[in-house]
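Trainee: Protein chains in written order, with the numbering used here: chain A, 1 to 474; chain B, 1 to 474.
FYI, nobody ran anything at the bench for these hints, they're computed from the structure.
Keep in mind that a hint or two might mislead.
For chains that are exact copies, the list does not tell them apart, and a pair is met inside one copy or across any two.
Unchecked claim - Once the Cα atoms are required to be at most 27 Å apart in a straight line, the calculated DSSO-like pairs of lysine-lysine come out as: (1) Lys131 to Lys315; (2) Lys315 to Lys409; (3) Lys409 to Lys131; (4) Lys57 to Lys462; (5) Lys296 to Lys98; (6) Lys403 to Lys437.
Owing to the predicted nature of the structure, the values given are computational and were not obtained by experimental measurement.
Each chain, letter by letter, is given below.
Protein chains: 2
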Amino acid sequence: MDHKLPDISQDFAAWYQEIVYAAQLADQSPVRGSIVIMPYGYAIWELIRDRLDERIKATGHQNAAFPLLIPESYLKREAEHVEGFAPEVAVVTHAGGKELEEALIVRPTSEVIIHSMFARWIRSWRDLPLKINQWANVVRWEMRPRPFVRTTEFLWQEGHTAHATKEEALEEVLTMLNEYVDLARNYLAIPVVAGIKAESEKFPGAERTYTFEGLMQDGKALQMGTSHLLSQSFAHSFEMKYQDQNGNVAYPWLTSWGATTRLVGAVVMVHGDNKGLVLPPRVAPIQVVIVPIVRKGQDNSAVIDAVAKIADRLKKHGIRVHVDDQENLTPGAKFYHWEMRGVPVRLEIGPRDVANNCVVAVDRLGLGKESLGIDRIEDAVTHLLNRVQDTLLARATERRDSKWYKAAKLADFGPKLDEQPGFYQTGWCNSPACEEKIKEFKATTRCIIDTKEFSQCFACDKPSVHDVLIAKAY
Amino acid sequence: MDHKLPDISQDFAAWYQEIVYAAQLADQSPVRGSIVIMPYGYAIWELIRDRLDERIKATGHQNAAFPLLIPESYLKREAEHVEGFAPEVAVVTHAGGKELEEALIVRPTSEVIIHSMFARWIRSWRDLPLKINQWANVVRWEMRPRPFVRTTEFLWQEGHTAHATKEEALEEVLTMLNEYVDLARNYLAIPVVAGIKAESEKFPGAERTYTFEGLMQDGKALQMGTSHLLSQSFAHSFEMKYQDQNGNVAYPWLTSWGATTRLVGAVVMVHGDNKGLVLPPRVAPIQVVIVPIVRKGQDNSAVIDAVAKIADRLKKHGIRVHVDDQENLTPGAKFYHWEMRGVPVRLEIGPRDVANNCVVAVDRLGLGKESLGIDRIEDAVTHLLNRVQDTLLARATERRDSKWYKAAKLADFGPKLDEQPGFYQTGWCNSPACEEKIKEFKATTRCIIDTKEFSQCFACDKPSVHDVLIAKAY
Numbered sequence: 001m002d003h004k005l006p007d008i009s010q011d012f013a014a015w016y017q018e019i020v021y022a023a024q025l026a027d028q029s030p031v032r033g034s035i036v037i038m039p040y041g042y043a044i045w046e047l048i049r050d051r052l053d054e055r056i057k058a059t060g061h062q063n064a065a066f067p068l069l070i071p072e073s074y075l076k077r078e079a080e081h082v083e084g085f086a087p088e089v090a091v092v093t094h095a096g097g098k099e100l101e102e103a104l105i106v107r108p109t110s111e112v113i114i115h116s117m118f119a120r121w122i123r124s125w126r127d128l129p130l131k132i133n134q135w136a137n138v139v140r141w142e143m144r145p146r147p148f149v150r151t152t153e154f155l156w157q158e159g160h161t162a163h164a165t166k167e168e169a170l171e172e173v174l175t176m177l178n179e180y181v182d183l184a185r186n187y188l189a190i191p192v193v194a195g196i197k198a199e200s201e202k203f204p205g206a207e208r209t210y211t212f213e214g215l216m217q218d219g220k221a222l223q224m225g226t227s228h229l230l231s232q233s234f235a236h237s238f239e240m241k242y243q244d245q246n247g248n249v250a251y252p253w254l255t256s257w258g259a260t261t262r263l264v265g266a267v268v269m270v271h272g273d274n275k276g277l278v279l280p281p282r283v284a285p286i287q288v289v290i291v292p293i294v295r296k297g298q299d300n301s302a303v304i305d306a307v308a309k310i311a312d313r314l315k316k317h318g319i320r321v322h323v324d325d326q327e328n329l330t331p332g333a334k335f336y337h338w339e340m341r342g343v344p345v346r347l348e349i350g351p352r353d354v355a356n357n358c359v360v361a362v363d364r365l366g367l368g369k370e371s372l373g374i375d376r377i378e379d380a381v382t383h384l385l386n387r388v389q390d391t392l393l394a395r396a397t398e399r400r401d402s403k404w405y406k407a408a409k410l411a412d413f414g415p416k417l418d419e420q421p422g423f424y425q426t427g428w429c430n431s432p433a434c435e436e437k438i439k440e441f442k443a444t445t446r447c448i449i450d451t452k453e454f455s456q457c458f459a460c461d462k463p464s465v466h467d468v469l470i471a472k473a474y
Numbered sequence: 001m002d003h004k005l006p007d008i009s010q011d012f013a014a015w016y017q018e019i020v021y022a023a024q025l026a027d028q029s030p031v032r033g034s035i036v037i038m039p040y041g042y043a044i045w046e047l048i049r050d051r052l053d054e055r056i057k058a059t060g061h062q063n064a065a066f067p068l069l070i071p072e073s074y075l076k077r078e079a080e081h082v083e084g085f086a087p088e089v090a091v092v093t094h095a096g097g098k099e100l101e102e103a104l105i106v107r108p109t110s111e112v113i114i115h116s117m118f119a120r121w122i123r124s125w126r127d128l129p130l131k132i133n134q135w136a137n138v139v140r141w142e143m144r145p146r147p148f149v150r151t152t153e154f155l156w157q158e159g160h161t162a163h164a165t166k167e168e169a170l171e172e173v174l175t176m177l178n179e180y181v182d183l184a185r186n187y188l189a190i191p192v193v194a195g196i197k198a199e200s201e202k203f204p205g206a207e208r209t210y211t212f213e214g215l216m217q218d219g220k221a222l223q224m225g226t227s228h229l230l231s232q233s234f235a236h237s238f239e240m241k242y243q244d245q246n247g248n249v250a251y252p253w254l255t256s257w258g259a260t261t262r263l264v265g266a267v268v269m270v271h272g273d274n275k276g277l278v279l280p281p282r283v284a285p286i287q288v289v290i291v292p293i294v295r296k297g298q299d300n301s302a303v304i305d306a307v308a309k310i311a312d313r314l315k316k317h318g319i320r321v322h323v324d325d326q327e328n329l330t331p332g333a334k335f336y337h338w339e340m341r342g343v344p345v346r347l348e349i350g351p352r353d354v355a356n357n358c359v360v361a362v363d364r365l366g367l368g369k370e371s372l373g374i375d376r377i378e379d380a381v382t383h384l385l386n387r388v389q390d391t392l393l394a395r396a397t398e399r400r401d402s403k404w405y406k407a408a409k410l411a412d413f414g415p416k417l418d419e420q421p422g423f424y425q426t427g428w429c430n431s432p433a434c435e436e437k438i439k440e441f442k443a444t445t446r447c448i449i450d451t452k453e454f455s456q457c458f459a460c461d462k463p464s465v466h467d468v469l470i471a472k473a474y
């Protein structure tokens with residue numbers, strides 16, 4: 001398994017494809033555009049999912065499960081929504097040995113099926129707010145697949161809520177956006193930018209879409225998740241009427257918000273290096289790998305005992321530990337193996353270490369080789385893991401900031417987008433015609449941010465309405 | 001929401017349909033044969049799932065995710081398997097706006113896609129055993145849907161493993177069967193019978209299928225999950241070759257095992273009563289509901305404070321508590337509401353209770369109304385919850401045993417199956433011809449058990465090979 005990775009600074013795309021498979025995060029599948037998420041990749045997703053699920057529940061949402069297959073006519077009820085999704089759906093036309101009277105689509109997202117249920121459940125103002133979340137798989141036919149980042153099938157959570165007022169709905173949209181931003185920062189060690197999508201980039205059927213965007217090491221932006229204030233047309237299309245406190249007929253205000261297995265791809269693309277993955281400790285399935293340094297034909301029992309005891313103590317302390325005691329591999333081969341898999345901390349324990357009541361600790365970032373006393377090993381390892389986590393966030397923030405450019409005119413920065421990719425902050429008059437001009441450089445508006453450092457639009461002579469970030473994106 | 005439930009002993013089927021919706025475990029969906037699992041039902045599933053996931057991981061399996069959509073040709077590679085599943089699959093023929101060259105089936109189970117990956121992953125004896133689990137949704141077109149018990153789409157886990165020897169594979173099959181039996185007993189409070197399926201009832205493509213069967217209150221059996229030793233034909237069909245320790249080409253031995261959202265239905269059908277659900281505390285989303293007894297226009301602050309403190313203390317003790325402080329409902333309406341939802345323990349706290357430093361505890365089984373001192377409330381409530389859990393298992397065991405009949409000849413017990421449904425233990429020569437005769441009574445063999453109390457077959461004059469349980473089933 002001696003993979004020579006492409007150089008990350010020379011060919012980032014090739015590096016990414018290679019490391020995803022080499023580190024066994026995923027494997028190619030026989031199904032077009034779909035991947036198999038292998039145990040190591042799935043374990044990262046489980047850690048992200050569990051933290052996100054806690055936040056979703058702590059903010060008052062309840063999980064539920066809605067059907068995978070949706071009658072085609074439901075998708076058509078909201079005009080913008082069907083226009084956005086119809087081209088990418090997979091359609092079931094036959095089932096149970098017969099042709100179906102009405103085709104069923106495999107859900108690309110669940111607004112329409114969930115809204116049809118909301119219409120049954122919301123009868124009175126007492127039924128609001130209604131705050132539901134679903135963990136599910138969805139299918140969107142994908143022409144340019146890339147593992148985790150863009151796959152025909154992906155796993156996600158989709159929150160769907162209904163509220164009595166627009167203000168309350170907007171508060172919900174922002175609350176969940178903030179939960180995502182915090183999760184990205186504090187667990188994935190990714191400093192994201194949050195903002196509002198331009199009209200052209202909105203979710204089909206939304207009144208306003210908030211996004212949080214990460215900057216990958218190649219200077220390309222990645223939309224890491226979104227939170228939508230939906231238009232009221234969904235509520236009208238599904239006749240979601242209720243009686244308000246004054247006895248009048250009213251329609252609720254709806255939101256939806258989601259994050260996907262793409263987050264695994266973001267972790268890989270933000271932190272990896274030429275040795276392979278670099279995992280932030282908080283989402284690392286293995287936080288500490290212990291490699292016993294033993295010699296064939298000698299009495300290694302003292303080392304083996306010490307390793308078992310230390311592993312046990314660290315596990316009891318809530319640290320995810322793996323002991324690599326394979327006999328057919330050299331320590332060097334093991335170091336290489338776990339470095340490629342991004343394990344944050346390696347402990348090496350040989351006879352001399354045991355005699356000195358210490359272990360050798362090596363972190364994945366090369367902060368320095370340390371000797372740690374066994375007596376307080378839990379504290380020392382926890383400290384080191386925190387240091388790795390903090391360093392990763394600081395490093396990612398520095399990298400992002402170094403690729404965050406400010407420029408007044410597209411004519412100036414447009415040509416740079418290729419050689420010097422990154423976030424380009426500029427002013428915008430908010431017109432689609434000006435936005436259209438970015439296409440020439442194969443870039444897009446990523447989000448409108450709440451600064452106003454530019455007085456004029458990047459493309460025309462009109463005043464700028466707000467700053468916008470422009471970038472090439474995945 | 002004043003639901004008058006059908007009498008459980010008069011019309012069990014109607015009672016079941018009604019309580020599932022009345023207690024808001026599920027709702028009907030616009031998709032044929034599919035349900036919406038509502039938050040309360042989903043929370044029960046989450047508790048079952050989390051306990052099962054712990055057991056699956058503790059026995060050395062790793063979670064992964066495989067594609068939902070499977071090329072049709074893959075299903076056809078194993079002859080028995082396709083024969084079993086082809087009639088019930090949903091087929092995607094169009095996607096991304098075009099007709100597909102090869103149709104994709106929505107997975108009814110994932111043997112074929114997972115085995116195709118196993119063939120890539122297993123190269124050497126060092127790659128064995130390979131022990132994978134997947135939490136997923138599957139679709140099997142269903143003609144007679146019943147919520148949770150039989151739905152077109154359901155949620156489940158499916159374990160898939162590969163081993164070097166048949167003995168090791170069989171050990172795996174039995175290990176996981178035992179995990180299921182323990183889970184049913186210790187969490188769901190359901191005393192199941194484990195045994196081997198007759199040839200006619202085997203999983204399509206298995207060499208041997210183990211099952212665990214519960215007996216519902218109406219005397220019908222429910223297959224609650226299965227564990228299969230697969231035939232070697234899967235390994236051959238997918239060219240799952242590897243090099244064994246002697247350097248020879250070998251094929252691994254495969255297993256698969258699964259349990260589904262049907263378990264939620266089993267809990268409802270085994271424990272419910274005329275007041276509604278009765279949930280075993282270990283799978284109850286709300287273990288304790290606290291109802292403050294307050295009066296309008298009075299100073300209720302002492303009660304409200306005491307309720308908040310007790311709820312907080314119980315939560316810190318790991319107990320799932322809900323405080324019903326709705327102002328628009330009487331205590332009586334709240335009692336009714338939470339009884340129907342099967343909450344195991346209710347605490348009532350009024351001004352006199354606070355003055356006496358105690359609360360009134362009422363359990364869902366009617367074991368008796370008790371006054372509990374507030375000082376040691378955590379211990380008292382834990383004790384009561386354990387008592388409810390134990391009583392439920394004892395009661396379910398007694399009910400099952402009272403409906404477990406022994407009879408030598410089909411001519412005797414066949415006619416009784418309608419009026420006196422239950423498990424009928426008898427002897428069997430193992431011939432399909434004799435098994436066929438049970439059909440007349442709309443019953444089936446449920447499983448072969450490892451006793452041999454009968455010397456002759458229930459249908460012919462030949463000697464019995466083993467005892468078998470016969471029942472009407474869901």
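Trainee: Look at each hint and say if it fits the structure.
Mentor: Cross-check of the supplied hints:
1. For a Cα distance limit of 27 Å, the shortest separation of Lys131 from Lys315 across copies, 23 Å, qualifies, whereas the shortest one inside one copy, 36 Å, does not.
2. In this assembly of identical chains, the alpha carbons of Lys315 and Lys409 never lie at most 27 Å apart, being 55 Å within a copy and 58 Å across copies at closest.
3. With identical chains, the CA atoms of Lys409 and Lys131 are never at most 27 Å apart, being 43 Å at best within one copy and 57 Å at best between copies.
4. For the identical chains of this complex, Lys57 and Lys462 are neighbours neither inside a copy (46 Å) nor across copies (61 Å), given an alpha-carbon limit of 27 Å.
5. In this assembly of identical chains, Lys296 and Lys98 lie within 27 Å of each other by CA distance neither inside one copy nor across copies; the values are 65 Å within and 62 Å between.
6. With identical chains, the CA atoms of Lys403 and Lys437 are at most 27 Å apart within one copy only, with a shortest distance of 22 Å there and 77 Å across copies.
Violated hints, listed in ascending order, are 2, 3, 4 and 5; each of the other numbered hints is respected by the structure.
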